[in-house]
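*Asks:* Take a look at the letters that make up each chain.
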Amino acid sequence: MTWILLDRCCEKCTHSLENPCPDYIECRLSGPLCHDDERCRELRRRRLEELRYGEKGAKIKVPMASCTLAMGAEAVYRAVEDSVKKMGLEATVAISGCYGLDFIDPWLELSAKGMPTAIYANVKPSDVPRILEEYFVKRDVGGAFALKEKTGAAKGEDKVPLLSELGFWAKQYRWVSRNCGVVNPESLEEYVASGGYRGLSRAFKLGPEATIEEILKSGLRGRGGAGFPAGMKWRITRQQKATPKYVIANADEGDPGAFMNRLLAESDPFRIIEGLTIAGYAVGANQGYVFVRAEKPLMAKRLQKAVEEARRYGLLGKNILGSGFDFDIEVILSAGAFVCGEETAMIAAIEGKRAWPRQRPPYPAEKGLWGKPTAINNVETLAHAATIMAEGAEKFAAVGTEKTKGTKMFCVTGAVKRVGAYEVPIGTSIRTLVEELAGGPPEGVRVKAVQVGGPSGGCIPASLLDLPLDYETLQSAGAIMGSGGIVVIGDENCMVDVAKFFLTFTSAESCGKCIPCRVGLRVMWSILDKITRGEGTEEDLQVLRQLAETVRSASLCALGGTAPNPVLSTLRYFMDEYLAHIREKRCPALVCRALITYRIDEERCIACGQCALNCPASAISKTEGGKYRIDESVCVKCGVCYAVCPVKAVYKVSGAG
Amino acid sequence: MAEALKLTIEEVPAVAGKVSVRIEKDRATVRVDFGVTQDPRFFERFLKGRPAVYAPHVMSRICGVCSVVHLTCSIEAVEKALGVEPKPEVKALRELAKGFENVQNNFVHVLMALPDYTGDGNVVQFSKSHPQLFARMMDINRRILEAYRRICGRFIHTPSLGVASHGKPITKSELEYVGREMARVSKELYELAGSLAEIWKPIAQGFEDPAPTYCVLKPPREEFPMFSNELAFSDGFVVSAERYGEVIEERKLPHSNAKIALYRGKPFYVGSRARMQAYFTLLASEARELIKTLGVDFSNPFDNVKAQYVEVAHLSGLLAEKSLELASRIRSGVAFFHEGTVPAKSGEGVGLATAPRGVLIHHYRVRDGKLEYANVITPTVMNARHVEVAGEALVSWALSKGVDEARVKDLVAALVRAYDPCLPCAVH
Amino acid sequence: MVKVKIDGRVVEVEPGTTVLEAAEKAGVEIPRLCVVPGLYEGSSCRLCLVKTPAGRLFPSCNYRVYRDEEFLASTPDLWEMRRVNFELLLKFHRIECWACERKSSCPLVELSKELLVDGIPVCSECPLPPNECLLLKGELCLGMIAQSGCNAECLVSGGECWGCRGPITREDLLERAFARYKELGFDVKDVVSKAEIYWNSAPGFATVKKVAERVGSRG
Amino acid sequence: MGKLEGSDEVGVLPDKVFEGVPKASYGLLEALRRVQAVYGYLPPEGIRRAAEYVGVPFAQAYGVATFYHQYSLEPIGKYRILVCMGTACHLRGNSLNIEFLRTFLGLKAGRKTTEDRMFSVEEARCFGCCGLAPVVVVQKPDGSNEIVGRANPRTLRALIERYRRQERGGAK
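Chains as they are written, first to last, in the numbering used here: chain A, 22 to 678; chain B, 77 to 504; chain C, 2 to 220; chain D, 50 to 221.
Chain A with its partners taken away, still in its complex shape:
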């Protein structure tokens, strides 16, 4: 058994689980504190180096998060193990979290003493032996995607850019996501080595009141969407007389297109656990819950593991770090309901009921889980809190806007070249995020709109891309911050269809408790459906708007309260598309099925027959000229031919065209 950083260094160490040392965390990195022994100091130094380069002086990191796994990271991991064995490499194979840069998935990070740490992008299992050979044997990094630093010791260094110089990295301010892709998410040791749990130690030193004060000073606002000051929430919960109190980490990340919480929990789960512990300490709770979305099981697994690890080393349980504070966490897996993201619904779900929200006030801070004061924070907020406690409020508040300090993780998806999660200071413009970080739209596509804030957000037109991303600005533009999902919509998408899509989602996810949301969204959906079928009238738009306003203001919870946003914002910015559907019975983006016709351009057709082969309706037949033609009376407009045609001879027309 190798000694790890979390173990006692020698018999002189006073720390034990029964009698924990308040300086335990600080002692890990800059210790020993209770006694002076150079050997113990050296033990720590060596271990830290081992963590960096592996025990054998070389390390291969394979990212194991949902996104990389989906791209075959598991096979890459196996290939790496095989190759290491076959090549007889003296290297440690380790897992890590993910950077959140989906466009390079799966990637590999190779490091060895004296070599620059190199990242290889889009690795296939078959590439692995070559990459390992180049790096470890030939010491050539020319094939790498990016380097973490330059040592001048390896070949090809000049050909590869530094990660920190790349636009999508340089423009980021990795504060809360600092460990994502860097540490092993299943290792508490690596977390502590990277500076983890300093925040909790500091909180214990400051005491609960001062901890809340510190969070208030940092100006941290809830990152789950509403932007309520986190310190305020804690203070209110703390002030309640009723006991016991609870803290809940909201890891029910349900917004389609948002995965920053998943990324964080899969790559750096201990930060969340630490944050929740700090929250528990600050409000005076002894029990915390992490409520995880059912669709993201790995997230739950990692968090569960993190909880177990923390318990093992006394960072959860009785008398944590000798502070006298008892705290434990239970990870709860949801059973799948978008509305669970709403705090009162989440409470109902934890209580084992249908996830029905209830009217606030009373707020959960007053009457929450089991009717007791409960502080519910988004996992990103909690991770921020942990980081703030460690780094100090001033450092956090150094970036951001006047009203909102700090950074926020945004997930940029849709029509962009570099899909991924990026952490930037609040107030960064949408354009910076979309064009500089995410690389703008792919070739041949223009950005038409940007949908900010998940299904309840609004569609902001391309002309407003320079808007800064902060709570107030987004709200005034008809969108919301939400969880921070940004979906870039290219000009090949129909905005009516997009609005309808979001309503399909929200109306299906409506819990059914209150009328405006349950019925209103359905009625709105059917109006949009009518419009996309070309049967809409201009009066429908009036009704739509009125319904949207009513649903927005009369709904019980935020789900209904924000669900009309996509409709209202598209009505506001893309009225011309609605009118084209209504007046001209035409879908300008050639999306709405009832309004388009598929045809085959005989000039282009190479008569490969793919279309006819794949057509589910057998609507495509050979013409006398040997080319193919679509029988419009049979065509179900599924679009398969359009998708499979290798020469793009299938095209769509809409309206009178």
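Honestly, the hints are just simulated from the structure, not real lab data. Among the hints, a few may not be true.
Here are some, though not all, of the chain C residues that point toward chain A, as calculated from beta-carbon distances under 7 Å [unchecked claim]:
no. : residue
1   : Ser-45
2   : Cys-46
3   : Arg-47
4   : Pro-60
5   : Asn-86
6   : Phe-93
7   : Val-193
Subject to a maximum C-alpha distance of 25 Å in a straight line, what follows is the list of computed PhoX-like cross-link-like pairs (lysine-lysine) [stated by the list, open to error]:
no. : chain 1 : residue 1 : chain 2 : residue 2
8   : D       : Lys-65    : A       : Lys-322
9   : B       : Lys-421   : C       : Lys-183
10  : A       : Lys-388   : D       : Lys-72
11  : D       : Lys-72    : A       : Lys-322
12  : B       : Lys-124   : C       : Lys-210
13  : A       : Lys-145   : D       : Lys-189
14  : A       : Lys-416   : A       : Lys-393
15  : A       : Lys-388   : C       : Lys-52
16  : A       : Lys-107   : A       : Lys-180
17  : A       : Lys-393   : D       : Lys-65
18  : C       : Lys-190   : B       : Lys-124
Here are the in silico distance ranges between beta carbons for each label pair [stated by the list, open to error]:
no. : chain 1 : residue 1 : chain 2 : residue 2 : range
19  : A       : Pro-265   : D       : Arg-214   : 39 to 45 Å
20  : B       : Leu-268   : C       : Lys-211   : 56 to 62 Å
21  : A       : Ser-497   : C       : Lys-26    : 39 to 45 Å
22  : A       : Glu-170   : D       : Arg-166   : 53 to 59 Å
Predicted model, so just to flag it, every value in this text is computed and none were measured. C-beta: ideal position from N, C-alpha, C; glycine also.
Based on the hints, put chains B, C and D in the right spot on chain A.
*Replies:* Just chains B, C and D now, kept in the frame of chain A:
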């Protein structure tokens, strides 16, 4: 006195519906054109092909003021055409309803026309100069309406009356209430007569009706009739309902949208003035006394209004009797006279009813339950030519008395009002 | 005791009283459907929403006052919101008043009148209990497909409904109504012919005819 | 009611199925999950057992079972094809993919499982793998997941044909 005279009343004031009167005097002859300028409504046409049982409901819409008479007359006609015999109670209730309409309607007509005789000009003025009297009359009207509601529910276009059926459940106590109320109303009306007679000045005293032929229903029994199977004329001629077409002829005149009806080619009149003369012997003694009190001159068309008052008083008493009699026939509690469906037969039927303004004829031909032909002759149509003839005589008479033109116009308007203040019936 | 001001009327209530209770005490009428004290906490129907002067909305059934507060309960926008909301609620109600025992005491019917929402048939106001329905006696009453609001005058007076207030336009409702006519042995054509008398030029008559034809053509 | 009664097709639940689940109402979600893990869906008897175990009325357990997406009250196919309906996946063509899958597998409206109970096609909520949009995830009978990124009708067709081949091969 002018040799030639041309006067036009574009719209006669204080009547329902649009009616214009053109007066032309050319040397010896005076011509009065009574033109209903309101558009025709084609009731008779659009019922064609529809179930005959719908006719009463629809026909009642000819007039919102005297809806009951159209309703009941239509019911009578449909019943005859389909060969349905209503229960005696249903018939009695129908007669009650019809009587109520005559009472209420004529009473309101009196109230409306009275300012012409008292010199007040209009009702508002009248209510100011005779506040107590006016208040009392309004109270009577209210009580009549209230009593009516006990029998038929809603007042206008009552849905209660149907073919061989009376929809509203009737209770003994309600009938008794109606009896008591109407007896009181009748009594008050006789009491009022004295004070009325004082202010009720004659108009065109001495003027005589140039065409004294009138038409009423022949009473089937010794009683003021509401419905009948025969028409009686003042010349003694009596004709059965089915054969009304043989003596009454309808004609369309170019200056009016309404038709006119003639008896053997001659104008005739209908209404209370006719009825009070014809049914004099059937009247209660108080009513006969009342005729004297008010000094009704049956030869003066203007005195139609006085005749109406007499009729109201008499009928109120009669209704009181009738409702009490009916109450005695109902054993206790609620009685239902709501009948189910009517067979879809074929046939022809003519209904005759005593309308507030005269005689109403509904004539239907039904095949397999569906209406094939409908003809309606309203009192307004019957009076239409008589108004002109009387008007011509009135103008000559007035001019001969040296009455100025403005007054002539007022007189003619008052004459129109005296006959009938409600013209839409003419165009149905 | 705290002071609650609702629509300008001030009442004193115990702290913890709901705004709805306070409003009742103040004599301000607030519609509501879902709240059943002791059984259901409410806040579902959203008809009882009230507004603070700052414009925030709360369901009055659920909002408890602990300090002096002011609320508006009858602003036009609130009533408009209630109306839209109520229309939404009705959209998924079967509205078979002719078969419903509750029709005479149905809060939906009352609210539909208060909020001027169309779409409830005359049956809802008919004084006859379902087993005394005129249709059972073979009388062609249009109550099932006619717009209510007349207090069923004709039915009260013993007649059948002629639909003078115009047709109901909701197709699913018409469909069920016509199916019932058919079930009771009426010819759908006769129903339409009777309806035509008042509805020939009514805006929704085309829908009525369409549905009637569809129901009529069914086996 | 027939559907809610009858437990014939469901065997006896293993005794240990609820081990570690708290015997209180808040254990219901987990208890139901355990039942579903055994059968692949929630048979009425299973819901009843879960309700009894945590001590809530059957109606409440049924209400919870019908509320959450993760619970299925009808048997699902051997291969459960989850089509991501997240925004990115929708925009990049999953609406077309699901249509294709349904047509290709011959699913009738309102049904999600093929007649032979081989495949289920379901819409799923965002997997958070938006970088791979459109994403289709197949839960295979051995419990593993196959994640198909950048899916299109062509790859899906190949996928299904591959599973069918495997099944035929396995049968022999």
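*Asks:* Which numbered hints does this structure break?
*Replies:* Hints 7, 14, 16, 17, 19 contradicted; others consistent.
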